[in-house]
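From first to last, the protein sequence lines are chains S and Z. For what it's worth, my numbering labels the leading residue of the first sequence as 76, then goes sequentially. For what it's worth, my numbering labels the leading residue of the second sequence as 76, then goes sequentially.
Warning: the hint list may mix true and false statements.
Same chains, same label: a pair holds when it works inside one copy or across any pair of copies.
Unchecked claim - The calculated DSSO-like cross-link candidates involving lysine-lysine, where the alpha carbons are at most 30 Å apart (straight line), are:
#	residue 1	residue 2
1	Lys210	Lys257
2	Lys249	Lys146
3	Lys241	Lys154
4	Lys184	Lys154
5	Lys257	Lys154
6	Lys163	Lys257
7	Lys257	Lys146
8	Lys249	Lys154
9	Lys257	Lys175
10	Lys184	Lys146
11	Lys175	Lys241
12	Lys257	Lys137
13	Lys175	Lys154
14	Lys275	Lys184
15	Lys137	Lys189
16	Lys184	Lys163
17	Lys146	Lys189
18	Lys146	Lys241
19	Lys257	Lys189
20	Lys189	Lys175
21	Lys264	Lys163
22	Lys175	Lys249
No lab work stands behind these hints, which were simulated from the structure alone. Treat the numbers as computed from the prediction; the structure is a model and nothing was measured.
Chain by chain, the residues:
Number of protein chains: 2
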Amino acid sequence: MKFPSGVKKNETIKHATKNEAIKSKDSKKKNLGKANLGMNLEEMINESNTYYLVNDIAVIHKKPTPIQIVKVDYPSRTKAVITEAYYKTPSTTDYNGLYKGKYIDFDAKENHNKTAFPLANIHPHQVNHLRMIAKHGGIAFMIISFNQYNEFYFVPIDLILEYWDKAYNNGERKSIPYSIFKENCHLIKEGYMPRLNYLKTIDELYFNNDNKNLEIK
Amino acid sequence: MKFPSGVKKNETIKHATKNEAIKSKDSKKKNLGKANLGMNLEEMINESNTYYLVNDIAVIHKKPTPIQIVKVDYPSRTKAVITEAYYKTPSTTDYNGLYKGKYIDFDAKENHNKTAFPLANIHPHQVNHLRMIAKHGGIAFMIISFNQYNEFYFVPIDLILEYWDKAYNNGERKSIPYSIFKENCHLIKEGYMPRLNYLKTIDELYFNNDNKNLEIK
Numbered sequence: 076m077k078f079p080s081g082v083k084k085n086e087t088i089k090h091a092t093k094n095e096a097i098k099s100k101d102s103k104k105k106n107l108g109k110a111n112l113g114m115n116l117e118e119m120i121n122e123s124n125t126y127y128l129v130n131d132i133a134v135i136h137k138k139p140t141p142i143q144i145v146k147v148d149y150p151s152r153t154k155a156v157i158t159e160a161y162y163k164t165p166s167t168t169d170y171n172g173l174y175k176g177k178y179i180d181f182d183a184k185e186n187h188n189k190t191a192f193p194l195a196n197i198h199p200h201q202v203n204h205l206r207m208i209a210k211h212g213g214i215a216f217m218i219i220s221f222n223q224y225n226e227f228y229f230v231p232i233d234l235i236l237e238y239w240d241k242a243y244n245n246g247e248r249k250s251i252p253y254s255i256f257k258e259n260c261h262l263i264k265e266g267y268m269p270r271l272n273y274l275k276t277i278d279e280l281y282f283n284n285d286n287k288n289l290e291i292k
Numbered sequence: 076m077k078f079p080s081g082v083k084k085n086e087t088i089k090h091a092t093k094n095e096a097i098k099s100k101d102s103k104k105k106n107l108g109k110a111n112l113g114m115n116l117e118e119m120i121n122e123s124n125t126y127y128l129v130n131d132i133a134v135i136h137k138k139p140t141p142i143q144i145v146k147v148d149y150p151s152r153t154k155a156v157i158t159e160a161y162y163k164t165p166s167t168t169d170y171n172g173l174y175k176g177k178y179i180d181f182d183a184k185e186n187h188n189k190t191a192f193p194l195a196n197i198h199p200h201q202v203n204h205l206r207m208i209a210k211h212g213g214i215a216f217m218i219i220s221f222n223q224y225n226e227f228y229f230v231p232i233d234l235i236l237e238y239w240d241k242a243y244n245n246g247e248r249k250s251i252p253y254s255i256f257k258e259n260c261h262l263i264k265e266g267y268m269p270r271l272n273y274l275k276t277i278d279e280l281y282f283n284n285d286n287k288n289l290e291i292k
């Protein structure tokens, strides 16, 4: 059995994109903080979603990576083997689901930069999709990590749109400074179960009338 | 270029499962009613979703088919070719999204039977998923066609659960009679744009206080 370059034999890729495979490799090297036990951001979110699902708290799934299938072989009547396929650009975000009757939609971005989050990490279709979600009454956001500080921020789409539109309409800076996250965004609480309790942040921001000056405990 | 058996050269499979490919072939033969212009149910729904998206009515997408990737080749630094992969059983339904602030979740089932809809067409994980969606406040349903009559029914998950639980807990019949659809379900209006206006049915069922004795115009 052959594996993609850079992926060891015992790290069978389950349902990962090329980027995810690369990301996974990177973060295993760079992101070995105690708190997340060597997990990358995607793994932490997937584990949290499983926790939410099993405990009947929310139904949030990662969407499968879209694949363009070109060639399928049928070695037997019941077996299908895809023998030629390509990664496609997704038209939406990676995660969506349902929490307390509300539609939830987000993407997760791992960031190794110390001073800012470069907007180049976001694809235009993701911004467009989240813009529409917010417009139609869903909860749209991104989870952005600052791996150098082992911090995970809950970033409402409004903040991203502000910088995105300034960058691509007015030609301003194409990144969001770290200080903006520090001052305006909510740190997501890390723990053992769930690993990354982003629904607690949603509780405080969207399901609590007294949501000024929030402090995550 | 090689194509899966049974699929003609000009019908390139875009992102279809084995079942979808088979379904597509079947329905092209059997489902050539004038109203749907030879489209199968999935194609009609996808076209309707595009209409809803483009016209800023709702954001509803088909989830990509989950694929287990085993082998990826990199003929160049920027190109990835998947050379061995398998279809996986999805853990959710095919469609979800957002309409008027509500989370929408459904599956579509093409049915060639004249007298009933066999429950064997539904996978247990789909029922479990829709059961949870309803419990958490989403709109959970199935779109079930009776191709022999060129009819498309909006079937709330409650009705399916009633028959499902009777069948698998009490050993009763493992199908829903056609008469039940006729008497208790809502016909989805077919048209040119959108092809299958299932959001109109949702309007009448969920966004209208006077939703008794509904009649689709």
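Right, here's what the structure says about each hint:
no.: 1; hint: Lys210 x Lys257; verdict: within (26 Å within a copy, 37 Å between copies)
no.: 2; hint: Lys249 x Lys146; verdict: neither (40 Å within a copy, 36 Å between copies)
no.: 3; hint: Lys241 x Lys154; verdict: neither (52 Å within a copy, 33 Å between copies)
no.: 4; hint: Lys184 x Lys154; verdict: between (36 Å within a copy, 22 Å between copies)
no.: 5; hint: Lys257 x Lys154; verdict: neither (52 Å within a copy, 38 Å between copies)
no.: 6; hint: Lys163 x Lys257; verdict: neither (34 Å within a copy, 41 Å between copies)
no.: 7; hint: Lys257 x Lys146; verdict: neither (49 Å within a copy, 41 Å between copies)
no.: 8; hint: Lys249 x Lys154; verdict: between (48 Å within a copy, 27 Å between copies)
no.: 9; hint: Lys257 x Lys175; verdict: within (28 Å within a copy, 33 Å between copies)
no.: 10; hint: Lys184 x Lys146; verdict: between (32 Å within a copy, 26 Å between copies)
no.: 11; hint: Lys175 x Lys241; verdict: between (34 Å within a copy, 29 Å between copies)
no.: 12; hint: Lys257 x Lys137; verdict: within (27 Å within a copy, 37 Å between copies)
no.: 13; hint: Lys175 x Lys154; verdict: neither (40 Å within a copy, 42 Å between copies)
no.: 14; hint: Lys275 x Lys184; verdict: within (19 Å within a copy, 37 Å between copies)
no.: 15; hint: Lys137 x Lys189; verdict: within (28 Å within a copy, 37 Å between copies)
no.: 16; hint: Lys184 x Lys163; verdict: both (19 Å within a copy, 26 Å between copies)
no.: 17; hint: Lys146 x Lys189; verdict: neither (44 Å within a copy, 35 Å between copies)
no.: 18; hint: Lys146 x Lys241; verdict: neither (44 Å within a copy, 42 Å between copies)
no.: 19; hint: Lys257 x Lys189; verdict: within (12 Å within a copy, 62 Å between copies)
no.: 20; hint: Lys189 x Lys175; verdict: neither (35 Å within a copy, 39 Å between copies)
no.: 21; hint: Lys264 x Lys163; verdict: neither (33 Å within a copy, 33 Å between copies)
no.: 22; hint: Lys175 x Lys249; verdict: neither (35 Å within a copy, 33 Å between copies)
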